[in-house]
Amino acid sequence: MSLVPTTRIPSPRRGRALAALALLLAAAPSPVLAARLAARDIAAPQAFEPADSLEGNFLAAYIAGASRDTAAAATYYREAVKGDPRNAELLERSFVALLADGSLPEAFRAAERLTARDGSNGLAQLALGVQKIKTKQYAAARQNLQRGGKGAAADLTSTLLTAWSYAGNGEGKKAFETINKLKGERYYNVFRDYHAGLIAALVGDKVEAERRLKAAYDADHNTLRIVDAYGRFEADSGRPDLAVAAYQDFDNVLPRHPIVRDALDKLKAGKPLAPLIGSAQEGAAEVLYGLGSAGTSQGDELPAVVYLRLALHLAPEHSLALLTLADTLERMKAPERANEVFARMPAGSPLKLNADIQIGLNLEQMGKGDEAIAHLDQVAKTYPNDVDVISALGNVQRSRKKFPESAETYSKAIDLIGTEPARNYWTLYYFRGTAYERARDWPKAEADLKKALELVPATQPNGRAQVLNYLAYSWVDQNQNIDEAFRMLKQAVDLQPRDGMIIDSLGWAYYRLGRWDDAVRELEKAIELKPGDPTINDHLGDAYWRSGRRLEGKFQWQHAKDLNPEPDDLAKIEAKLKDGLPEPEKPAATAESQAPAQPEMPKGAPTPSEPPAMGVEQKSGG
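Residue numbering for the sequence shown follows this note's numbering, beginning at 1 and increasing consecutively.
Please keep in mind that the hints were generated in silico from the structure rather than gathered at the bench.
Just so you know, even glycine gets a beta-carbon here, dropped at the ideal spot from N, CA and C.
Treat the hints with caution; some may be incorrect.
[What the hints assert, rightly or not] Cβ pair distances, simulated, as ranges:
#1 Val-253 <-> Glu-454: 20 to 28 Å
#2 Ala-116 <-> Glu-566: 58 to 66 Å
#3 Lys-82 <-> Gln-558: 20 to 28 Å
#4 Arg-117 <-> Gly-184: 27 to 35 Å
#5 Asn-564 <-> Lys-181: 58 to 66 Å
#6 Ala-88 <-> Glu-566: 48 to 56 Å
#7 Arg-498 <-> Gly-367: 23 to 31 Å
#8 Asn-222 <-> Ala-374: 33 to 41 Å
#9 Glu-408 <-> Gly-170: 53 to 61 Å
#10 Ala-88 <-> Asp-494: 51 to 59 Å
#11 Lys-181 <-> Gln-378: 48 to 56 Å
[Unchecked claim] In silico lysine to any residue, SDA-like type, Cα no more than 25 Å apart, as pairs:
#12 Lys-352 <-> Lys-444
#13 Lys-132 <-> Leu-182
#14 Lys-554 <-> Asp-568
#15 Lys-333 <-> Gly-532
#16 Lys-174 <-> Glu-208
#17 Lys-271 <-> Arg-239
#18 Lys-402 <-> Thr-459
#19 Lys-530 <-> Arg-550
#20 Lys-206 <-> Arg-256
#21 Lys-174 <-> Arg-239
#22 Lys-412 <-> Arg-400
#23 Lys-444 <-> Asn-385
#24 Lys-214 <-> Arg-147
#25 Lys-561 <-> Arg-550
#26 Lys-530 <-> Pro-567
#27 Lys-402 <-> Ala-347
#28 Lys-525 <-> Gln-558
#29 Lys-136 <-> Arg-109
#30 Lys-266 <-> Glu-210
#31 Lys-183 <-> Gly-122
#32 Lys-134 <-> Asn-87
#33 Lys-490 <-> Gln-478
#34 Lys-268 <-> Glu-301
#35 Lys-402 <-> Gly-369
#36 Lys-451 <-> Lys-572
#37 Lys-266 <-> Glu-282
With the hints as extra help, turn the sequences into a complete structure.
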């Protein structure tokens, strides 16, 4: 996921349109087509290459669509259509897959065939309308848009794109008449005023542009694109103070956004800001970007990809559309495709550095750790004073278990943020603390974890729970600050009651104190939440054994062994399966319990389960 959040453009509810579009790639075939396929025993091809039969290609495409592999779906549907070119359902599925995969010339040809058979196919008419806007055939584009589907989403899209087509002809009056038809929900009004202001600026009506952009900004000044459009217009109109105020207000909500930082730097240096939209094509792309961005934020990934592909057809260097598309592909577990999109980021874009960072993080997720480190190291040399790229390099090093190196890298980032860091830098101290702990330098780790706990805002309960968990478990593991550690672990559980790893830590703390029944109770809760975690299964096995339930203990150890634990843990599990656990040592008193202390157990923390730039590492025994 991107370091820069996808920015929100408000949009109305889109009804069934997006859901229907999403289903086209993954839905079961129609009864007619299913009957044809059922005549044979079909097996999907194993390699990513066309099958030898129509049925094989269709089945492979259906499986690929269900798993949201747009490249495979496009390949197999393309071949299936060759085997049955008159099949309307195959053609429509192929068209959607080609759109989602970015194979737009083929998709447009398929759209022409579809509309020749069924002129009411809304998505095909939209695609052809976009194609004609690209080539400045505005009147023809309007004909396609008017023939499209019905419903809220179709009406919104068609109306906005039609307005931009009039703007492309220089017909501002008709553009305003068209866009003013949008009425209803608040977000309709914001969308209407935003695009009306952009159109007015493009056709040279500065009075109307000022009125509409100000109305959109007043209604929603927490959306980046609205703030950016308003700020650029005010700066271009000789009111840089209003532009600076708008950007700074946004920075207070979402600090350090690259686009905002770039605009403020230019304004402070007396440099001009280019208008947000410079052509009707870019304006139409902004419509499609807004719909794609809204779809991504609501989990409609496949429709979002289609809108974003069309937006980039109109404006190939639309930085936020590129970023949002790549981010969406990451969510669809296609990091290699995401990197292809990140690599298209224009060199002069404020988001270029962010794209370079995400390429490195995705390489790590693809199992190419050495390439990831080499890539990020090179980016860090190019931007030696950028905290984000340095911390990203540290994240990958930490994920690769290069703990001393990652701690050193985090130190470089911390040196850049000064002696009074902002609260949003708590993760740097947390990550460096976990790196120090894994490198067995506890004094430094403890200091960093305490600093992270001091900085993490109460508005980030998940982050606070992780820091509480890691620090408290470490104290319990070393038989230090037991009372405070238990209070912190219970607070962490209150903050994240569905986090199996945190509940495991509480259970393991009970275990370390010899409170076997309490340990079993908490560890059974943790198992329910994370049944596939080898560490939790191993812990529950230990607790069962100590509480006299030895057969169940061995069962849990065997289950932990089957879940591919770390090599060091595997050896210890195998030893326990053979010989069980030794007798516990004598009690160690605490304020909460006089129970016997647990004999020495291996210390450590699990490998982070989330991408290095996204999550925070969780502490657990083992």
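Hints, one by one, checked against the model:
Checking the proposed 20 to 28 Å range against Val-253 and Glu-454 shows it holds: the Cβ atoms sit about 23 Å from each other. In this structure, Ala-116 and Glu-566 meet the distance hint of 58 to 66 Å, their C-beta atoms being roughly 60 Å apart. For Lys-82 and Gln-558, the Cβ-Cβ distance of about 51 Å falls outside the hinted range of 20 to 28 Å, so the restraint is violated. Checked against the hint of 27 to 35 Å, the pair Arg-117 and Gly-184 passes, with Cβ atoms roughly 33 Å apart.
For Asn-564 paired with Lys-181, a C-beta distance near 59 Å keeps the hint of 58 to 66 Å intact. For Ala-88 paired with Glu-566, a C-beta distance near 54 Å keeps the hint of 48 to 56 Å intact. In this structure the supplied range 23 to 31 Å holds for Arg-498 paired with Gly-367, their Cβ-Cβ distance being about 29 Å. A hinted range of 33 to 41 Å holds for the C-beta pair Asn-222 and Ala-374, which are about 38 Å apart.
Evaluation of the 53 to 61 Å hint for Glu-408 and Gly-170 yields a pass: the beta carbon distance comes to about 59 Å. A C-beta distance of roughly 57 Å is found between Ala-88 and Asp-494, which places it inside the suggested range of 51 to 59 Å. Separated by about 52 Å at the C-beta atoms, Lys-181 and Gln-378 satisfy the suggested range of 48 to 56 Å. Only pairs whose Cα atoms come within 25 Å are accepted, and Lys-352 paired with Lys-444 is rejected, the gap being roughly 35 Å.
Using a Cα cut-off of 25 Å, the hinted pair Lys-132 and Leu-182 holds, with the two alpha carbons roughly 23 Å apart. A distance of roughly 18 Å separates the Cα atoms of Lys-554 and Asp-568; the hinted pair therefore holds under the 25 Å criterion. Under the criterion of a C-alpha separation no larger than 25 Å, the hint pairing Lys-333 with Gly-532 is consistent with the structure, at around 20 Å. Only pairs whose Cα atoms come within 25 Å are accepted, and Lys-174 paired with Glu-208 is accepted, the gap being roughly 14 Å.
Between the alpha carbons of Lys-271 and Arg-239 the distance comes to roughly 13 Å, so the proposed pair stays at or under 25 Å and holds. The straight-line distance between the Cα atoms of Lys-402 and Thr-459 is roughly 31 Å, outside the 25 Å bound, and the hint therefore fails. Distance restraint check for Lys-530 and Arg-550: the Cα-Cα separation of roughly 22 Å lies within the 25 Å cut-off, and the hinted pair is therefore satisfied. In summary, the hint linking Lys-206 to Arg-256 is not supported, as the alpha carbons are separated by about 30 Å, beyond the 25 Å threshold.
Between the alpha carbons of Lys-174 and Arg-239 the distance comes to roughly 29 Å, so the proposed pair goes past 25 Å and is violated. Between Lys-412 and Arg-400 the CA atoms are separated by roughly 19 Å; this keeps the pair inside 25 Å, and the hint holds. Pair hint Lys-444 plus Asn-385 holds up; C-alpha atoms about 24 Å apart against a cutoff of 25 Å. Between Lys-214 and Arg-147 the CA atoms are separated by roughly 34 Å; this puts the pair beyond 25 Å, and the hint is violated.
The suggested pairing of Lys-561 with Arg-550 holds, with an alpha-carbon distance near 16 Å, which does not exceed 25 Å. Restraint check for Lys-530 and Pro-567: satisfied, since their Cα atoms lie roughly 20 Å apart, inside the 25 Å limit. Of the pairs offered as hints, the one joining Lys-402 and Ala-347 is violated, with about 31 Å between alpha carbons and a cut-off of 25 Å exceeded. A distance of roughly 19 Å separates the Cα atoms of Lys-525 and Gln-558; the hinted pair therefore holds under the 25 Å criterion.
Only pairs whose Cα atoms come within 25 Å are accepted, and Lys-136 paired with Arg-109 is accepted, the gap being roughly 18 Å. Using a Cα cut-off of 25 Å, the hinted pair Lys-266 and Glu-210 holds, with the two alpha carbons roughly 21 Å apart. Taking the CA atoms of Lys-183 and Gly-122, the gap is about 22 Å. The hint holds against a cut of 25 Å. For the hint linking Lys-134 to Asn-87, the alpha-carbon distance of about 29 Å lies beyond 25 Å, and the restraint is violated.
The straight-line distance between the Cα atoms of Lys-490 and Gln-478 is roughly 18 Å, inside the 25 Å bound, and the hint therefore holds. Restraint check: the Cα-Cα separation between Lys-268 and Glu-301 comes to about 38 Å, which exceeds 25 Å; the hinted pair is violated. For the hint linking Lys-402 to Gly-369, the alpha-carbon distance of about 11 Å falls within 25 Å, and the restraint holds. Annotation: proposed proximity of Lys-451 to Lys-572 is violated, straight-line Cα distance about 34 Å (limit 25 Å).
Among the hinted pairs, Lys-266 with Glu-282 is consistent with the structure: their alpha-carbon atoms are about 23 Å apart, no more than 25 Å.
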